[in-house]
Amino acid sequence: MKKFLTLFLLGAAILYAAEEGGLSGRILDASTGQPLPGANIQITGSVLGAVSDNRGQFRILKVPAGPHSLRATYIGYEPAAVEVILSGAESREIVLRLKPTVIPMHQVVVTGSRQPETLASAAASISVMDRMAMRRRNLMGAAEALQLVPGVTMVGDYITIRGGSGYNRLGGSRLLVLLDEVPILTSDLGEANWNIVPVTEIERMEVLKGAASSLYGSGAISGVVNMITKQPTREISLSVRQASGLFDEPSVPEWKWTDQSLYYHRSDLSVSKSYGPVGVRLALSRHASTGDRENGHFERWYLTGKAVWQLPSNASLTLFSTYSHEQRDIFLQWLEQNRALNVPATDRGDRYSMSGYVGYLVYSQVFSPQLSGKFRLSFNQQLVGVPFNITSAFTPAIGASGEGQLTWQPSPDHSLSMGLDYKFDTVESAYYGKRNANAISPYIQEIWKVSNLLHLNAGLRWDTYQLVGDSLEYQISPRIGFSWQPALGTILHGSFGRGFRAATVVERFITAGSKDFKAIPNPDLQPERSILFDAGVRQTLDERVYLEATYFFNRYVNLIEPTLLASQLAAQFVNYPVAYIQGIETEMRTRFWRDRISLQASATWMDPRDKQSGGPLLYRPRFIAAFSPSLQLGRFSAGADYRYIGRIEKVAVYPLDERVPAKIWDLRTGCRVRNWDFQFVVRNALNYNYTVSERVLGEIRNYMIAVTGEI
Amino acid sequence: MNKKWLLTGLALLWFCTACEIDHGLGLIESGISGRVIFLHPEKKPARVDAVRVVAVVNFPPQSLGDLVFTNTSINLSQLTPSYRLPAPLARYVLVGAIYREKGKEWDYAKILGFYGSNPDSNLYDIRPVTLSKAHPVAAGIDIYCDWASVPGGGR
Chain A
-18 MKKFLTLFLL
-8 GAAILYAAEE
2 GGLSGRILDA
12 STGQPLPGAN
22 IQITGSVLGA
32 VSDNRGQFRI
42 LKVPAGPHSL
52 RATYIGYEPA
62 AVEVILSGAE
72 SREIVLRLKP
82 TVIPMHQVVV
92 TGSRQPETLA
102 SAAASISVMD
112 RMAMRRRNLM
122 GAAEALQLVP
132 GVTMVGDYIT
142 IRGGSGYNRL
152 GGSRLLVLLD
162 EVPILTSDLG
172 EANWNIVPVT
182 EIERMEVLKG
192 AASSLYGSGA
202 ISGVVNMITK
212 QPTREISLSV
222 RQASGLFDEP
232 SVPEWKWTDQ
242 SLYYHRSDLS
252 VSKSYGPVGV
262 RLALSRHAST
272 GDRENGHFER
282 WYLTGKAVWQ
292 LPSNASLTLF
302 STYSHEQRDI
312 FLQWLEQNRA
322 LNVPATDRGD
332 RYSMSGYVGY
342 LVYSQVFSPQ
352 LSGKFRLSFN
362 QQLVGVPFNI
372 TSAFTPAIGA
382 SGEGQLTWQP
392 SPDHSLSMGL
402 DYKFDTVESA
412 YYGKRNANAI
422 SPYIQEIWKV
432 SNLLHLNAGL
442 RWDTYQLVGD
452 SLEYQISPRI
462 GFSWQPALGT
472 ILHGSFGRGF
482 RAATVVERFI
492 TAGSKDFKAI
502 PNPDLQPERS
512 ILFDAGVRQT
522 LDERVYLEAT
532 YFFNRYVNLI
542 EPTLLASQLA
552 AQFVNYPVAY
562 IQGIETEMRT
572 RFWRDRISLQ
582 ASATWMDPRD
592 KQSGGPLLYR
602 PRFIAAFSPS
612 LQLGRFSAGA
622 DYRYIGRIEK
632 VAVYPLDERV
642 PAKIWDLRTG
652 CRVRNWDFQF
662 VVRNALNYNY
672 TVSERVLGEI
682 RNYMIAVTGE
692 I
Chain B
22 MNKKWLLTGL
32 ALLWFCTACE
42 IDHGLGLIES
52 GISGRVIFLH
62 PEKKPARVDA
72 VRVVAVVNFP
82 PQSLGDLVFT
92 NTSINLSQLT
102 PSYRLPAPLA
112 RYVLVGAIYR
122 EKGKEWDYAK
132 ILGFYGSNPD
142 SNLYDIRPVT
152 LSKAHPVAAG
162 IDIYCDWASV
172 PGGGR
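Protein sequence lines, in the order shown, are assigned to chains A and B. Mapping to the numbering used here: the first sequence position 579 is 560, numbers consecutive. Mapping to the numbering used here: the second sequence position 131 is 152, numbers consecutive.
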């Protein structure tokens, strides 16, 4: 079998090595001449393509002789295309200049269908947060990047899409988090460690909302976040960022708990270079803070490396490795509302450490302009740190996985992806014993371009999950979708599919306790299953205004949620038989005054409901909104981000506590000098007080200066 | 042109200062206060290490949501320590004190005493406490706790 595969790969390589040339060049901003890193370049009607590096450079090898259409796309820019005729083994240098636009529909994304497609043709709802948007905001962590994405909100440390999850301490994520398409949820808690990779190493974040299990399997029950990391550059490149901030005093004088200055620092350094066919990227980051409250101190280190080896015969090998380590004090809840920045005396000095390692190896091969393959091995070892001071009772949770995927374009109108996913988890703790699990899932998906105006897709995935010594859980998850352009500037889209999530080891088996709280196991927990539907319209007006509205309806069966037992302070995970979440998500973007002013706004209304009780689901807001105006005057810029999260209607532990909606203004101003950005940022500018989870106050106002640049 | 910008700036400044800024959560003004009066202190079992004051909206409580409690233990070295329990506006059918044994979890069935009772006078009448907008603070809510009533406490 191995021999056959080797022969097949060699044969395919030799067959297509003859009469092939190459295309290389740069992608630039038409108005400023600045390079556009992370732009997508594709040879139309084939699987050949590339992504531009930090200097906007790209290279596509083994392009067959003949005429080709080369198309470059980048978020926030109009696409540009050029016709090229290659004769023999000729190599051609091309420069494409892209004009800025507010229309995001030309942006190429990969998460919606596991292959490149434009947002315009995507059947699913997808949002993108690109590197420039993240850089402008000087984010401290990857999760912060998602807070302005329509339909996404953060409850505590938990990111939730369209109300799919509430605050679920110790519960698994209903959002699958990928790092370059590699799943990185922890094997024990099934939760995301958003700090596994420094935010400065992320090229863009794609958020896929709605039915995703048919492509990604267990965990992707309400959506997927794919963090796509930066590529190594061809020439040497050094990037640095230094950000330092100072916390203000609380707006309630009685909350002041120390006379010392409270501050934070973040330093990011990365270097990138190519040595012949091998591109290498290394990054080191440190983030430390006193915190704005008692028990708020933490220190975190990151070390990240990426190597991409362009092999002959149109193949590449990518090796990625990231490690993060953190030590932090624990602020579980305030002492009392009148001393909201203090912890109970018994919690004082409680701390834990957490560390995580994720590594993957991906071999990509373009066998022909119509056939490509990708084979991946990945390793995920994390000790996320159970939020009680019992970390020493846990060994790191380990997940090892492998995947093979083939993409075949038998004709320009059809594209077929198929693959097999395997994952092995092993976890051990005094609190849930030693558990091993296997998951094997084959999948297939077809995208059919019926015409330039109508695209259909259909997919099927068979998920199996089995804890060793336990019964097999499985589900067949189909998904269908369409995008249709009935008129110029109008796109209708819709998707329907099923989702699946097996209960995590922690949800089923944890037996733990702290001074004030304990968890009771429930080995009979059933997997969650969902049916997700969404349909919407994307509308552009005069190339200056972009509008999007989507209706979604999600039905969950056996939703796993915590329940609290009153006689003792204890929690247990149980299945809610049926729950519904429906809502409407809207977005608007526009630019005016010769593109100097841009506005982006979104609003999402949701109705999350438990069918049995008829009441709302725990920890979900009904309404969220965001508003981001910005101004660019030459090298000077200013902007603001406003986030509104409606009052949480139902909470589990302290329903009598006063709850308010979150209304947060972040302000920023900056100046760009050559390759350097100097910024001043005020976070929570109005010093507004709200709780991010029960009895945990949101961050108080702080002032930050930051310098970011490339050499 | 400069004048225009200056006027606009001043107008914005005036607008900002004229606005009343909403700061969201603040101090909780409502609450219950009083004393915890320990009876038969010589009979306090050594295994008890903490006492909390708790106010209950429904009794018996159906969920943790029915309870409001102090995050800190009452000072056990005093005979009549005072307490203040910040509590939202509601009608509390029972205000009492519960105890915790060393090395064990809090158990809300371990009631040491409640408002309305006075074992010395043989009174065992549970008295509710209502916090309203008109009366957000209830003072003088004394809770009698008899250590002799604790199993192993001598009675």
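Derived by calculation from the structure, the hints in this document are not laboratory data. Source: prediction; values computed, not measured. Incorrect hints may appear among the rest.
[Stated by the list, open to error] Here are the simulated lysine to any residue pairs, SDA-like style, with alpha carbons at most 20 Å apart:
| hint | chain 1 | residue 1 | chain 2 | residue 2 |
| --- | --- | --- | --- | --- |
| 1 | A | Lys631 | A | Arg150 |
| 2 | A | Lys631 | B | Asp141 |
| 3 | B | Lys123 | A | Pro636 |
| 4 | A | Lys499 | B | Ala71 |
| 5 | A | Lys499 | B | Pro109 |
| 6 | A | Lys430 | A | Phe477 |
| 7 | A | Lys499 | A | Trp574 |
| 8 | B | Lys25 | A | Trp574 |
| 9 | B | Lys64 | B | Asp141 |
| 10 | A | Lys430 | A | Glu524 |
| 11 | A | Lys237 | B | Ala71 |
| 12 | A | Lys499 | B | Gly86 |
| 13 | B | Lys154 | A | Pro636 |
| 14 | B | Lys123 | A | Leu441 |
| 15 | B | Lys125 | A | Lys237 |
| 16 | A | Lys237 | B | Ala111 |
| 17 | B | Lys131 | A | Lys237 |
| 18 | A | Lys631 | B | Leu110 |
| 19 | A | Lys237 | B | Val171 |
| 20 | B | Lys65 | B | Lys24 |
| 21 | A | Lys631 | B | Thr101 |
| 22 | B | Lys131 | A | Phe477 |
| 23 | B | Lys123 | A | Arg150 |
| 24 | A | Lys644 | B | Asp43 |
[Claimed, not checked] Between beta-carbon pairs, the in silico distance windows are:
| hint | chain 1 | residue 1 | chain 2 | residue 2 | range |
| --- | --- | --- | --- | --- | --- |
| 25 | B | Lys154 | A | Arg525 | 21 to 31 Å |
| 26 | A | Glu639 | B | Lys24 | 31 to 41 Å |
| 27 | B | Phe80 | A | Asp229 | 35 to 45 Å |
| 28 | B | Glu41 | A | Glu280 | 49 to 59 Å |
| 29 | B | Ala32 | A | Pro459 | 56 to 66 Å |
| 30 | B | Ser170 | A | Ala411 | 28 to 38 Å |
| 31 | B | Ala32 | A | Glu639 | 33 to 43 Å |
| 32 | B | Asn143 | A | Ser594 | 18 to 28 Å |
| 33 | B | Leu31 | A | Ser12 | 12 to 22 Å |
| 34 | B | Leu110 | A | Thr13 | 32 to 42 Å |
[To be verified] Chain B residues, not near chain A, derived (Cβ > 12 Å throughout):
| hint | residue |
| --- | --- |
| 35 | Leu27 |
| 36 | Trp35 |
| 37 | Ile42 |
| 38 | Lys64 |
| 39 | Ser94 |
| 40 | Leu100 |
Ideal Cβ placement from N, Cα and C applies to all residues, glycine included.
Outcome of the hint check:
Taken as a hint, the Lys631/A and Arg150/A pair is honoured in the structure, with Cα atoms around 16 Å apart against an allowance of 20 Å. Our distance criterion of 20 Å between C-alpha atoms is broken by Lys631/A and Asp141/B, whose separation comes to about 42 Å. Using a Cα cut-off of 20 Å, the hinted pair Lys123/B and Pro636/A is violated, with the two alpha carbons roughly 29 Å apart. Distance hint between Lys499/A and Ala71/B is fulfilled; the C-alpha atoms sit about 18 Å from each other, no more than 20 Å.
Taking the CA atoms of Lys499/A and Pro109/B, the gap is near 25 Å; set against the 20 Å cutoff, the hint is violated. Restraint check for Lys430/A and Phe477/A: the C-alpha separation of about 18 Å stays at or below 20 Å, so the hint holds. Taking the CA atoms of Lys499/A and Trp574/A, the gap is about 58 Å. The hint is violated against a cut of 20 Å. With a C-alpha separation of about 18 Å, the suggested pairing of Lys25/B with Trp574/A holds against the 20 Å cut-off.
With a C-alpha separation of about 15 Å, the suggested pair Lys64/B and Asp141/B falls inside the 20 Å cut-off, and the hint holds. For the hint pairing Lys430/A with Glu524/A, the CA-to-CA distance comes to about 24 Å; that exceeds 20 Å, so the pair is violated. Restraint check: the Cα-Cα separation between Lys237/A and Ala71/B comes to about 27 Å, which exceeds 20 Å; the hinted pair is violated. For the hint linking Lys499/A to Gly86/B, the alpha-carbon distance of about 16 Å falls within 20 Å, and the restraint holds.
For the proposed pair Lys154/B and Pro636/A, the alpha carbon gap of about 18 Å is at most 20 Å, so the pair holds. As the CA atoms of Lys123/B and Leu441/A are separated by approximately 56 Å, the hinted pair breaks the 20 Å bound. Note on Lys125/B and Lys237/A: the hinted pairing is violated, with a Cα-Cα distance of about 33 Å set against a maximum of 20 Å. Distance check on the hinted pair: Lys237/A and Ala111/B sit about 28 Å apart at the alpha-carbon level, beyond 20 Å; violated.
For the given pair, Lys131/B sits about 35 Å from Lys237/A by alpha-carbon distance, which is inconsistent with the 20 Å threshold. Note on Lys631/A and Leu110/B: the hinted pairing holds, with a Cα-Cα distance of about 17 Å set against a maximum of 20 Å. Restraint check: the Cα-Cα separation between Lys237/A and Val171/B comes to about 40 Å, which exceeds 20 Å; the hinted pair is violated. Among the hinted pairs, Lys65/B with Lys24/B is inconsistent with the structure: their alpha-carbon atoms are about 78 Å apart, more than 20 Å.
Under the criterion of a C-alpha separation no larger than 20 Å, the hint pairing Lys631/A with Thr101/B is inconsistent with the structure, at around 37 Å. Of the supplied pair hints, the one linking Lys131/B and Phe477/A is violated, its CA atoms being roughly 52 Å apart against a limit of 20 Å. Between Lys123/B and Arg150/A the CA atoms are separated by roughly 26 Å; this puts the pair beyond 20 Å, and the hint is violated. The suggested pairing of Lys644/A with Asp43/B holds, with an alpha-carbon distance near 9 Å, which does not exceed 20 Å.
Checked against the given bound of 21 to 31 Å, the beta carbons of Lys154/B and Arg525/A, roughly 51 Å apart, lie outside it. For the pair Glu639/A and Lys24/B, the supplied restraint of 31 to 41 Å is violated, since their beta-carbon distance comes to about 47 Å. Between Phe80/B and Asp229/A the beta carbon distance is about 43 Å. The supplied range of 35 to 45 Å therefore holds. Between Glu41/B and Glu280/A the beta carbon distance is about 39 Å. The supplied range of 49 to 59 Å is therefore violated.
Distance hint check: the CB atoms of Ala32/B and Pro459/A are about 59 Å apart, consistent with the given range 56 to 66 Å. Remark: the range hint 28 to 38 Å for Ser170/B to Ala411/A is upheld by a beta-carbon distance near 36 Å. Look at Ala32/B against Glu639/A: about 35 Å separates their beta carbons, and that is inside 33 to 43 Å. About 43 Å separates the C-beta atoms of Asn143/B and Ser594/A, a value inconsistent with the hinted range of 18 to 28 Å.
Evaluation of the 12 to 22 Å hint for Leu31/B and Ser12/A yields a failure: the beta carbon distance comes to about 34 Å. The hinted range of 32 to 42 Å is not satisfied by Leu110/B and Thr13/A, whose Cβ atoms lie roughly 58 Å apart. Distance check for Leu27/B against chain A: the nearest CB is about 17 Å away, which clears 12 Å, and the non-interface claim stands. Even its closest Cβ contact with chain A, about 17 Å, leaves Trp35/B beyond 12 Å, as expected for a residue assigned away from the interface.
A Cβ of chain A approaches the Cβ of Ile42/B within 12 Å, the least distance being about 6 Å, so the stated non-interface status is violated. The Cβ of Lys64/B lies farther than 12 Å from every Cβ of chain A, with a closest approach of about 25 Å, so its non-interface assignment holds. Distance to chain A contradicts Ser94/B as a non-interface residue, since its nearest Cβ pair spans about 8 Å, not more than 12 Å. With a minimum CB-CB distance of about 22 Å to chain A, Leu100/B clears the 12 Å threshold, and the non-interface call stands.
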